[in-house]
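Novice: Given the coordinates of chain G, assemble chain H onto it according to the supplied hints.
Residue strings, one per chain:
Number of protein chains: 2
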Amino acid sequence: MLEIGFDTVRLDDDNSALVILDQTLLPNNTEYLHLKSKEDIWNAIYKLQVRGAPAIGIAAAYGIYLGMKQSYTLTYEAFYDEFLEIKEYLASSRPTAVNLFWALNRMENCVKNNKDKEIGKIKKALLDESNTIFQEDVAVCKKIGENGLSLLKPQMGLLTHCNAGTLATGKYGTALAPIYLGQEKGYDFKVFADETRPLLQGARLTTWELNEAGVDVTLICDNMASIVMKNEWIDAVLVGCDRVAANGDTANKIGTSGVAILAKRYGIPFYVLGPLSTIDLASKTGKDIQIEQRPGEEIYKAWYQKSMAPEGIKTYNPAFDVTDAQDITAIVTEKGIVYPPFREGLYKLFENKSLRGD
Amino acid sequence: MLEIGFDTVRLDDDNSALVILDQTLLPNNTEYLHLKSKEDIWNAIYKLQVRGAPAIGIAAAYGIYLGMKQSYTLTYEAFYDEFLEIKEYLASSRPTAVNLFWALNRMENCVKNNKDKEIGKIKKALLDESNTIFQEDVAVCKKIGENGLSLLKPQMGLLTHCNAGTLATGKYGTALAPIYLGQEKGYDFKVFADETRPLLQGARLTTWELNEAGVDVTLICDNMASIVMKNEWIDAVLVGCDRVAANGDTANKIGTSGVAILAKRYGIPFYVLGPLSTIDLASKTGKDIQIEQRPGEEIYKAWYQKSMAPEGIKTYNPAFDVTDAQDITAIVTEKGIVYPPFREGLYKLFENKSLRGD
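Going down the list, the sequences are from chains G and H.
Everything in the first sequence is counted per the numbering used here, starting at 1 for the first residue and increasing by one.
Everything in the second sequence is counted per the numbering used here, starting at 1001 for the first residue and increasing by one.
Excised from the complex, chain G in its bound form:
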């Protein structure tokens, strides 16, 4: 059983606050935030104090529960209207990860399915549903890890981009789940972590959590992915995902598409790992996925003592990019591994699927 010494996201013991480990302070400080208002929760998601597609989904689920818990409305109609308002508000925090919308939709279905109950009971149902979303995420990530591990062998060199670990989920992570499960089995992976500019999720978060778990991890800059592959140090690339379109095109942290193209060139398998809640069949291809644009200051000012570019310099700072399905070797989910062509395999995953909230 994997021991993790921190909580990424949880409800506090008296169900009155969302507790998150403030990821913007890592690796220097492990500080927990206790958030009660929807504004604070919106901000925590926007500022990436909590991040990672599955963790955002969990935070949003708890967030909307906490928002509705404070509701004074007496009728279902008023309650539902207020729910929709908060739902829309939280949905506006970040556009790319579909898990946010998936979790909010699932919570909405919960409200609707309990419409005949009294308000207090609906609130209790929302609490239960958000807890279920959390618990399912832990189980789902473990299953993703087992499926991913079946693709790997002991001693392998692995490259990962951004952070798709425990810090991005309830536990285990997605891309890092096979690494943790392999670690328990003594697989002795050699992991390379892209630092992942501009927000350094790889440097600050992935190296931190792998290091805490005793995994052999080496930090590189994003632009060193090519040389470590050329050095033949990488046997597989493992990345998470923020939204997978029906054809397999995958939005993930900016830079992922470049890593995939490099992996293909060097003949290295490139695996995308994520739960079904990240697959969005409503997005036909990557062109349907909205890419979040973030402030340029993140590139030249955040983290630094002084500005690292001239005053007023133009920037382009997309938070995600889309990896073409043709560059993906396989998509690993809790329901199995899908190989190209992806469309058929992805649709098949949803047959007889009860987990999906919409």
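Wrong hints could be hidden among the right ones.
[Stated by the list, open to error] Which chain G residues face chain H? A few, computed with CB under 8 Å, are given here:
| # | residue |
| --- | --- |
| 1 | 30 |
| 2 | 33 |
| 3 | 208 |
| 4 | 213 |
| 5 | 217 |
| 6 | 223 |
| 7 | 226 |
| 8 | 255 |
| 9 | 257 |
| 10 | 262 |
| 11 | 301 |
| 12 | 307 |
| 13 | 309 |
| 14 | 316 |
[Stated by the list, open to error] Within a straight-line C-alpha distance of at most 30 Å, the following computed BS3-like cross-link-like pairs (lysine-lysine) qualify:
| # | chain 1 | residue 1 | chain 2 | residue 2 |
| --- | --- | --- | --- | --- |
| 15 | H | 1230 | H | 1284 |
| 16 | H | 1112 | H | 1335 |
| 17 | G | 47 | H | 1230 |
| 18 | H | 1117 | G | 230 |
| 19 | H | 1301 | G | 314 |
| 20 | H | 1190 | H | 1069 |
| 21 | G | 143 | G | 301 |
| 22 | H | 1314 | G | 190 |
| 23 | G | 117 | G | 69 |
| 24 | G | 306 | H | 1335 |
| 25 | H | 1047 | G | 306 |
| 26 | H | 1153 | G | 314 |
| 27 | H | 1314 | G | 230 |
It is worth saying that the hints were derived from the structure and are not from the lab.
Treat the numbers as computed from the prediction; the structure is a model and nothing was measured.
Glycine included, each C-beta is placed from N, C-alpha and C at the ideal position.
Specialist: Here is chain H on its own, set in the frame of chain G:
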């Protein structure tokens, strides 16, 4: 005539010090260092206070002149021995850019060619030779710019990596030379600059000098090269080089090989620009080129207020990588443009070549 408001590297007016613009302080401070001792000059090269293959060559030439100027030896033999000692010392500052060795060899030939003269005259010959190296570099870079510009059209979107501009040369730069010459002609290029981790030469230097010259420049993180290419914003990639092997394999700032692979995938021409002094026919392929390894602190500590990775994290921090010849569209020199297969074309450049010092 291109007006540049700063000096990258020069000898001061009374020939007593190497004056360099301290590039580690840009873009926040423009501060000049006056260096006299060989130790200070070695340090300035090692610390990248002066950097860029051609500028390193110029700095080394002036450095060895300044070192020998202070010599008290009376015989040629003693003078030459001392010369070799300083040469070897300065040569140990950075291993990858061949211009360093090229300039030092050229200075050595100058000593040898003047062996029958009195020591004072040899010193004067070394002064003249180092000034010639500087002046030739300016002329050579201008010619590289003209040749490079012949490959481009007005309004083009251009991507560059690291800094191969005026700050890397005597003037004009190599990769940036066509941009400056195009700017004078109103070509209105849209330039994208990779920030170039870990030392941020793109963010701190390329955007700074292009901005000063009024060129339209947009800063991106290294891992955004793929998305700007996919967006069809890039019509050509221009990069400098630190050493070109006889088969066209090219060592340049870490990350260049990845940009080349991406460009090939997106069907974008990838041009390497550099003087003949960067071509090293003694290196048969990229495998013969030594890649400088630098301290991991540059990745997780330099620039930051706090450490951006856990204490004691393992790192891999190569300063350069080798771009395979197969990913290079053309190599642009002052003597013309060479297309694949490169070996024949590169050898041809050196026929009847008097510039080359060895």
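Novice: Does residue 33/G pass the interface check with chain H, least Cβ-Cβ distance below 8 Å?
Specialist: Given a least distance of 19 Å, the restraint on residue 33/G is violated.
Novice: Go through the hint on residue 30/G and say holds or violated, using the shortest Cβ distance to chain H against 8 Å.
Specialist: violated, 11 Å
Novice: Under 8 Å, Cβ to Cβ, is where residue 301/G needs to be relative to chain H, so tell me if that hint holds or is violated.
Specialist: violated, 11 Å
Novice: Going by Cβ atoms only, is residue 226/G closer than 8 Å to chain H?
Specialist: holds, 4 Å
Novice: Holds or violated: residue 117/G with residue 69/G, Cα cutoff 30 Å?
Specialist: holds, 15 Å
Novice: Closer than 8 Å between Cβ atoms is the bar; does residue 262/G clear it against chain H? Give me holds or violated.
Specialist: Result: holds, 6 Å to nearest chain H Cβ.
Novice: Between residue 306/G and residue 1335/H, is the straight-line Cα distance small enough, at 30 Å or below?
Specialist: The hint is violated at about 41 Å.
Novice: Would you settle whether the hint for residue 217/G is holds or violated, based on the nearest Cβ-Cβ distance to chain H being less than 8 Å?
Specialist: holds, 7 Å
Novice: Holds or violated: residue 1047/H and residue 306/G, Cα atoms, limit 30 Å.
Specialist: Holds: residue 1047/H and residue 306/G sit about 19 Å apart, inside 30 Å.
Novice: Hey, residue 47/G versus residue 1230/H, does the alpha-carbon distance stay inside 30 Å?
Specialist: holds, 27 Å
Novice: Does the alpha-carbon distance linking residue 1190/H and residue 1069/H stay inside the 30 Å limit?
Specialist: violated, 46 Å
Novice: Is the shortest C-beta separation between residue 316/G and chain H less than 8 Å?
Specialist: holds, 5 Å
Comparing the model with each earlier hint shows violations of hints 1, 2, 4, 11, 15, 18, 20, 21 and 24; every other hint is respected.
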